[in-house]
Amino acid sequence: MSDTSKTVAELAAGLAAGRYSSEELTRSCLSRIRGAGAELNAFITVTEDQALAAARDADRRRQAGGAAPLTGVPMAHKDIFCTSDVRTSCGSRMLDNFIAPYNAHVVERFNAAGMVSLGKTNMDEFAMGSSNETSFYGPVKNPWDTSAVPGGSSGGSAAAVAARLVPAATGTDTGGSIRQPAALCGITGLKPTYGRVSRYGMIAFASSLDQGGPMARTAEDCALLLETMAGFDERDSTCVNRPVPRYSEQLGADIHGLRVGLPKEYFGDGLDAEVARVIDAAIAEYRKLGAEFREISLTNTELAVPAYYVIAPAECSSNLSRFDGVRFGHRCESPRDLEDLYKRSRGEGFGAEVKRRIMVGTYALSAGYFDAYYRKAQQIRRLIKNDFMRAFEEVDLILGPTSPTVAFNIGERADDPVKMYLSDIYTIAVNLAGLPGISIPAGFTNGRPVGLQLIGNYFDEGRLLNAAHRYQQVTDWHTRAPEAFA
Amino acid sequence: MSLNNEQVTEIAHLARLNVDPADLSDYARNLSDILAFVEAMNAVDTSSVEPMAHPLEMPQRLREDVVTEENQRERFQAVAPQVEGGLYLVPRVIE
Chain A
1 MSDTSKTVAE LAAGLAAGRY SSEELTRSCL SRIRGAGAEL NAFITVTEDQ
51 ALAAARDADR RRQAGGAAPL TGVPMAHKDI FCTSDVRTSC GSRMLDNFIA
101 PYNAHVVERF NAAGMVSLGK TNMDEFAMGS SNETSFYGPV KNPWDTSAVP
151 GGSSGGSAAA VAARLVPAAT GTDTGGSIRQ PAALCGITGL KPTYGRVSRY
201 GMIAFASSLD QGGPMARTAE DCALLLETMA GFDERDSTCV NRPVPRYSEQ
251 LGADIHGLRV GLPKEYFGDG LDAEVARVID AAIAEYRKLG AEFREISLTN
301 TELAVPAYYV IAPAECSSNL SRFDGVRFGH RCESPRDLED LYKRSRGEGF
351 GAEVKRRIMV GTYALSAGYF DAYYRKAQQI RRLIKNDFMR AFEEVDLILG
401 PTSPTVAFNI GERADDPVKM YLSDIYTIAV NLAGLPGISI PAGFTNGRPV
451 GLQLIGNYFD EGRLLNAAHR YQQVTDWHTR APEAFA
Chain B
1 MSLNNEQVTE IAHLARLNVD PADLSDYARN LSDILAFVEA MNAVDTSSVE
51 PMAHPLEMPQ RLREDVVTEE NQRERFQAVA PQVEGGLYLV PRVIE
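If you read the protein sequences in the order shown, they are chains A and B.
Position 255, counted from 1, in the first sequence is what my numbering calls 255; the numbers after and before it change by one each time, with no gaps.
Position 86, counted from 1, in the second sequence is what my numbering calls 86; the numbers after and before it change by one each time, with no gaps.
By construction, these hints were calculated from the structure, which means they are not laboratory data.
Be aware that one or more of the hints could be misleading.
To be verified - Taking CB as the label site, the calculated pair distances span: (1) B:L62 x A:V474: 46 to 54 Å; (2) B:D26 x A:L338: 45 to 53 Å; (3) A:S147 x B:L87: 48 to 56 Å.
Even glycine gets a Cβ: it sits at the ideal position worked out from N, Cα and C.
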């Protein structure tokens, strides 16, 4: 019988060797989602019938000799990616009844590769959150400790992969929403360069920052998934037309002489001492692999979260104006007039954090305040990008912690938005600059996982993935499973 | 920047958001905290810095001005709250 704890690469090999069918594998994953996984609340929708039909298609395709490398491997999609015929809620009451008329580009790509989607994973409402507590469908629990958050916003995807419910899932990352939950759940998550992956059919939060990416247990799996999901799509005007390397074939290269920068701002006040100890151990491991470290400075790091909390809300207030109760989504009962329809439909459909961000954005963009907030934030954004560009003149990669702490407890930061925002202090600047970043498991403190972040230059995903893979070849943190889900 | 309940009411109106009056003070406090937090940006002089709108600084890709979409009205209206005869229904706007 198949084993749901196997990686995407192992499952692909097992399917190719005929050791199990996609249908068997899919049934195993589904029963795990329904069984041990149910308490995690990692899924909003499980698409059992469609999954089994897709699995049987994959098995027939393989028998006919037309299988692609990932044909028949199960996965899940964050519920922000539009799926025709399956509800796409974006974690919101607003879209509780929404069935998209089309598939996201990323969903099309995985379908075309023959991967089997098991359903849609839970997330912070409209991807706004760092703990998965803002979901209309309730919080997701961290499989390592169910009193802890899984991180967010791609918390359902991270928890599902960590608990071995699925070998892989999609995520999206606007300020850390792939990397931070990957870190807090002890898995591997990659945020690609802005423009590498099409945003078509990915419900927009902050369009100049949003990027979809893979979440899995290993860097090798992320390479296989990225080379499947990336690529040009003319329906996203910011998608970059540039060949997609075979990332998986670049893995294993020697990293002797790799120049790695340690930003002093990422190791200062605010970094938990135990997390710092784990990162130091990872640095020692990289030294053994031949990497050369030097201290660098990303001078404007402190300004990244403030600039982000102008730019992201401003773009969200504009993007979310489409939810008006007229064309799709929630509509209030018996509206008195059009304004009442808009206000009550939106007031009822959106949760508190989404409302806060819409209002911050509306204020920042309102007459008389634009220059002081939005223009200023875009100027800071350039300074942050310039910091990275200066650093990449001296180093090949940047290394640091993904998150300043391990997973915090459910409810611990829910009442203090600003404290919650600081969960993303090491990830947000990467989105502002549009660079690729990856989080990989590097150890534990108090039984909760610690993530190591590597940041690369534009379109340098191959080097990032290889550096992550080399670390995973000499460590076993990425193979550890939460005891309750081993 | 500190916002009072009246200002929050006005912002909520601009954003077409119904906010429960009982929640106004909480929103006023949270929004004021967030605005105070982002004011850290003012510590840096950016008068000579060009604003950055896009990470890759690409120009907008243009295409020929031709019809590429087919009509999918029924498909799109299948998820609409209220339609009739191919039209979206809203409360009467003109008396």
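query: Range hint 45 to 53 Å: satisfied by the CB atoms of B:D26 and A:L338?
result: violated (28 Å)
- request: Take the C-beta atom of B:L62 and the C-beta atom of A:V474, compute their distance, and say whether it sits inside 46 to 54 Å.
  value: holds (49 Å)
query: Is it true that the C-beta distance of A:S147 to B:L87 lies inside 48 to 56 Å, as the hint says?
result: Roughly 51 Å apart at Cβ, these two residues keep to the hinted range, so it holds.
Comparing the model with each earlier hint shows a violation of hint 2 alone; every other hint is respected.
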